[in-house]
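Enquirer: Given next are the chains, with one letter for each unit.
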Amino acid sequence: MIASRFWLGFLALCLGVAVVVLDLAISQHDRLSDRTVSEGLASDSRVVSWYLRNTAREGASQLIRFAADRRVARALAASNGDSGKASASTARQLRGALRQTARNMPEDQAFDAVLAVNRAGRVVAHVGFDQASSVSSLEMGGYPLVADALHGYVRDDTIMMGRLYRMVARPVEVDGGGLPVGAVVGAHLVDDAFAQRVSSISNVAVAFYADGRRQGVGAPEGFVRSGLDQIVSGLPELEEDEDYESKGRTAVHELGEGLSVVFARLPGEAWQLGSGYAVIRQATHLGGMLGVLRAADEKDKKAVGLIVVFLTVILAAGVGLFLTRWEATAPLASFREQVGALVSGKGEHLAVEKLRGPFRQVGLDLNLVLERGGGGEPPVSVALSQALGDLGDQPQMSAFGVPESSPPSAVVAASHDAPMGQGFPSALNGSNGAGASLPGGQPPALPDNDGTLVGGVGAPPLPRRQSGGKGGGLQQTALGVGMAAGSAAAAVAASPLENADTDTEPGWREVYDEFVNLKEQCGENTQGFTFERFSATLRKNRDTLMQQHGVQSVHFSAYVKQGRAALKARPVRA
Amino acid sequence: MGYFGNLSAALRASKSLARRAAGCAARVALPMLVCLGSPDAEAASVRGKITGHQHLRNPVWFEAKSPDRHGYSFREPVTTVPAQLRRLTPDATKEICVVAFGRAAGKPAPISVKVAGGRTDPVTMVVLPGTEIRFNNGDPFTHRLFGVELQTFPPAPMNKGASRRWTAKEAGTYEFRDELAPSIRSWIVAKPGVVAVAYPASDGDFELSLAAGDYELQAYFAGAPVGRSRAVKVARRPVNLTRKPLVVATKPRGGRGKK
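Sequences listed follow chains A and B, in order. Quick note, the first sequence lines up with residues 1 to 574 if you use the numbering used here. Quick note, the second sequence lines up with residues 1 to 259 if you use the numbering used here.
Everything labelled a hint here was simulated from the structure, so no lab data went into it. Glycine included, each C-beta is placed from N, C-alpha and C at the ideal position. Hints may be right or wrong, so weigh each one.
[What the hints assert, rightly or not] Here chain A is said to cover these stretches of chain B; the calculated rule only asks that three of the stretch's residues, wherever they fall, bring their Cβ under 8 Å from a Cβ of chain A:
#	region
1	66-77
2	137-149
[As the list claims (entries may be wrong)] Subject to a maximum C-alpha distance of 30 Å in a straight line, what follows is the list of computed DSS-like cross-link-like pairs (lysine-lysine):
#	chain 1	residue 1	chain 2	residue 2
3	B	Lys65	B	Lys114
4	B	Lys233	B	Lys244
5	B	Lys244	B	Lys169
6	B	Lys107	B	Lys169
7	B	Lys160	B	Lys251
8	A	Lys247	B	Lys251
9	B	Lys160	B	Lys114
10	A	Lys85	B	Lys107
11	A	Lys85	B	Lys191
12	B	Lys65	B	Lys233
13	B	Lys191	B	Lys169
14	B	Lys169	A	Lys85
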């Protein structure tokens, strides 16, 4: 499962990298969005400024229609003649002339109102300026716009006359070379319609304000217009804005909800009143991973490389599936096949060479169990036979009688039944003829029926592959030896034999001779059963018993039990 | 000297007189007269003329033409109008007044000031201390007048047709502006000894009705005296000063007039 785990780790690493990259992308996007909005707003503000100037110039050109109308000029000249007030007929004629000329103007350049002013500054006639109808006489002579026109200038202005007006005025002359007889003023009311015209042409969300109130708003299609009304909340801050005071235009202000705005003053008298316009943009802040999904529109979704995404998913899933199949599914199937064959009786053992991964070890374990159960031999016999060699059909040592000992339960029953040879039939009477090993590599310490200690005498304790429980240690040791190559087992078993001559006790030779003699008498095979192997086994069991029972020495003796040679071990206390 | 009458009535009568004179297209236009007292039987007419007012510049308009004021996005001269006529000369009928100082007596009458068309009418007033000023809104929209650095006349909305009153209790020069119309600037000069005030016609002619006595004539523009004063001795016979007009301004060096 190493490759699968590596793949999972690789995928996790890729996921982490993707998250980092996504976070960086979101951060960069938000920063770029802010910059874009900031630059865009500055551009928008200038666009609106240019539009206002351009429309004012166009309006001044359109006013020529009125100024060049001789009816207008004559009426204004007549109104200057007596007390600065025009007669009703003069006013009526002038109004008719204004109305007719206004109707002939292009619709997109038409004024909301046109006013004709005489030299005294009095409005002689007007069309479209409805609020003037509520007063007996309307005057405009004090405004610089009109004063300039009456003195020979054409110009524009933004004037607060109850409502905000963009105005343009030009002089009216009867004959060139003299003072103008009056002026004509074209006015655009700055309201929602005006703002929408500005917005539709400039594609800018714009809001006009004056006297702390919103005058008109306009926005391109799709823009949330409710945000335009929020500009009023930012107006009080303008009094403290140095850029607004000196340059007439602010830096980018944040209104909340992602709205950014730049305020700019309107040219004209409105400049001194703090009136102006605000251009607004909605900054697209992703704000997180889910924000990417929320902010994506249809165009973004179409831009996603679905094929690449599909191939990536397929590739990642395919590699994962391949690795899990290769490392888990296939070995499991092979193991299942082996087990199936075993169950169906097609074989006696699992073919571990066909197993891979953890199933190989499981197969080895199962094989050992099978050997143990099916042949009536414990799995340790294999290991012991490797350690002691082929000792023939009969055991060389069957048991040790050690009184007052508490043996492991699994061994007690067997030992009670047969303290030597019978107690461990598979170990002592098996074909391999090896002695028994106890869990943990310890020799058994079993109470015999007659009160003597009974313990298996077999191969020296084998090295433990791992420190498991007692039973596990025994099993794994035996299995490991049993399934391993013979050379390995021999190497393991060879270590105590190398010291066989160096640590023997007096009398062991006699015990050996007697034991061999009894075996021969009982018809057991003694070929290859050397003293060195015998003494090594005794030494190990002696040491173990001495350690367990705290005795000074252990006395061994050979005897015949149930027609077989056996050994007894008797601890000798001081 | 006579007694003080209704100043507003006098002002209206004076302007009506001037308009009638203009309507007659007479070469000599009669002045607009503001008489602080009803002319008595012994009053004599003092006819005069101001000159040089074409060299004055309306401060509001003059400031507004500066690009630094951002008063427009474009301002271009119409070439068919001669350059010498494109000067922003004031409207003498509203902005220049000729004041006769003498021994004033009696209680000053209230003065009505019309607020309309981006200015007040008149623009400059010279009154006796204690004179009540009545500002009347003649525009169809709201104004918000206030006295510059004047605690007694703070900004307050003045709807169409509404009036606000203020009395010049002490001598001094007071300026009034409008928060909603920057072009509105009005000056009130409160000074003792004001006997009569006349607003000249557009050509500079004016006429005062004064009782016999010694007077000093002084022109005022934008809240300040302009030109030199003229001493006048009035007897029972009319006085004609038109041959020696009051010079309110001279052509400044460099060709640009200011005051």
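Enquirer: State the violated hints by number, sorted upward, taking the hints as numbered earlier in the document.
Expert: 5, 7, 8, 10, 11, 12, 14
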